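For chain Z, the structure is supplied; the task is to place chain A on it using the hints.
Going down the list, the sequences are from chains Z and A. Per this note's numbering, the very first residue in the first sequence carries number 201; after that it's consecutive. Per this note's numbering, the very first residue in the second sequence carries number -16; after that it's consecutive.
Read the hints as simulated data drawn from the structure, not as lab findings. Model, not experiment: these values are computed from the prediction. From the three backbone atoms N, C-alpha and C, an ideal C-beta is built for every residue, glycine too. Warning: the hint list may mix true and false statements.
What the hints assert, rightly or not - So, partial list: chain Z residues that the calculated Cβ filter (under 7 Å) puts toward chain A:
1. Ser333
2. Asp335
3. Pro405
4. Gln406
5. Arg416
6. Glu419
Claimed, not checked - Straight-line Cα separation of at most 20 Å, DMTMM-like style, residue types lysine to aspartate or glutamate; simulated pairs:
7. A:Lys43 to A:Asp100
8. A:Lys32 to Z:Asp335
9. Z:Lys319 to Z:Asp286
10. A:Lys58 to Z:Glu338
11. Z:Lys490 to Z:Asp389
12. Z:Lys465 to A:Asp104
13. A:Lys31 to A:Glu51
14. A:Lys58 to Z:Asp389
15. A:Lys31 to Z:Asp335
16. A:Lys58 to Z:Asp335
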Amino acid sequence: MSFDDQRRDFLKLLGIGGLVYASGLAGVGRLGNALAAKGSTPAAGDFFFLQLSDTHWGFQGPPNPDAATTLKKTVEVINQSPKQPDFIVFTGDLTHTTDDPAVRRTRMKEFKEIVAPLKVKTVHFMPGEHDASLDAGEAYREFFGALNYTFDHKGIHFVCVDNVSDPKGAVGSKQMEWIAADLAKVDKDAPIVVLTHRPLFDLYPQWDWATADGTRVIELLQTHRHVTVFYGHIHQENHHMTGDIAHHAAKSLIFPLPAPGSVPKRAPLPWDPSSPNHGLGYRTVAAQKKGTAFDLTELGLNGAKA
Amino acid sequence: MRPGGWGRALLALGLVAAGGLAACKERPAPAQAPPAAAGPRVIPIRAKKFSYTPNRITVKQGEAVVLEFTSEDRKHGFKLPELGLRADIEPGKVTRVNLTAPRAGTFPFACDLFCGDGHEDMTGELVVQP
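Next up, chain Z with everything else stripped away, as it sits in the complex (with noise of 0.2 Å):
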């Protein structure tokens, strides 16, 4: 038996199926969640979402050599799927940073015009550090718009949450204020779910792998009893609790990083030809329970489960 079946067997046991919890389970409940969101299987849910990021459209280098058509590919396989989401959200860094304005904004322009063909029209942008950083979110604002807005779908209430256009990874007091105003008005019990690029937690700071008043945040979310966090940023799949709070970074669409402080150096993973995927690829997000859980699948570069 591999891993994974015991894994599936064991979420059997546990009655969890591949559901990641958004709040209210303790102990086995945590424990579910970090392991079934590695090896889910989908499940009807009430709607899904898909979650790109980092696709750093513009960057060159032997890390990808494919780094010219895989964000074209992908929207390729996301026209091709029988079933299309809700809805599509990209987490940040979409382009790679310039130190030139014009580069940037044609890199900005030519990242709309690739993902413009994709079926689903309701597309969420967010902004990474390598595409608002160095001008404060000028640019970003020009081509995708607001930084950090909210919206609401099928009951959930989602926050896009700022922490790259100041380039310490800050949130800083306004948006802050902002965040803690809006909280406000929606019911304690209501499902709210953040999207955002980097972590909110210190997942490793050694690297940047941090939001600089990300504490302050997930204070203020803590407010809320369903609350779950999608973020890009550290270009591989991980999953974490605060509280009661999950947190669940995604792929990315240009190249892996290792896992953190696992080597010296945060510098990207070879390139490996052999590998189908390249540690690559994006994740489907269902909705469960009103928004209280959430199954995540993680899909390869061809749509395929990886």
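Relative to chain Z, chain A alone:
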């Protein structure tokens, strides 16, 4: 020798001698060197896109040192989370960070102000010897 030549030569000799004496005065004699206990050791560190020089700093556990940062191009950051240190490094200024390492080990540090394509490479390590 032209008239006045000896006079100019003597004057020049005198200036050289005076300069030599002055130089001798400015050069501190070993006996006059400040004692080691006068202050913490200062370690200059230059920051620029996308490196610190030096990027490996060695100190003794319990030794008081001052990390003296300067930037050669733009604003950078210095963050050493495991010892709770962070600072902004701005061009035209000297940023001093006092450090007395409480325990031995190797502690990574990095720029935490996004500074461009290569920011992720701007790292270093503090080696604290027991």
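Verification of the hints:
no.: 1; hint: Ser333; verdict: holds (4 Å)
no.: 2; hint: Asp335; verdict: violated (11 Å)
no.: 3; hint: Pro405; verdict: holds (4 Å)
no.: 4; hint: Gln406; verdict: holds (5 Å)
no.: 5; hint: Arg416; verdict: violated (17 Å)
no.: 6; hint: Glu419; verdict: violated (20 Å)
no.: 7; hint: A:Lys43 to A:Asp100; verdict: violated (34 Å)
no.: 8; hint: A:Lys32 to Z:Asp335; verdict: holds (17 Å)
no.: 9; hint: Z:Lys319 to Z:Asp286; verdict: holds (11 Å)
no.: 10; hint: A:Lys58 to Z:Glu338; verdict: holds (19 Å)
no.: 11; hint: Z:Lys490 to Z:Asp389; verdict: holds (11 Å)
no.: 12; hint: Z:Lys465 to A:Asp104; verdict: holds (8 Å)
no.: 13; hint: A:Lys31 to A:Glu51; verdict: holds (14 Å)
no.: 14; hint: A:Lys58 to Z:Asp389; verdict: violated (44 Å)
no.: 15; hint: A:Lys31 to Z:Asp335; verdict: holds (19 Å)
no.: 16; hint: A:Lys58 to Z:Asp335; verdict: holds (13 Å)
Violated hints, in rising order: 2, 5, 6, 7, 14; the structure is consistent with all others.
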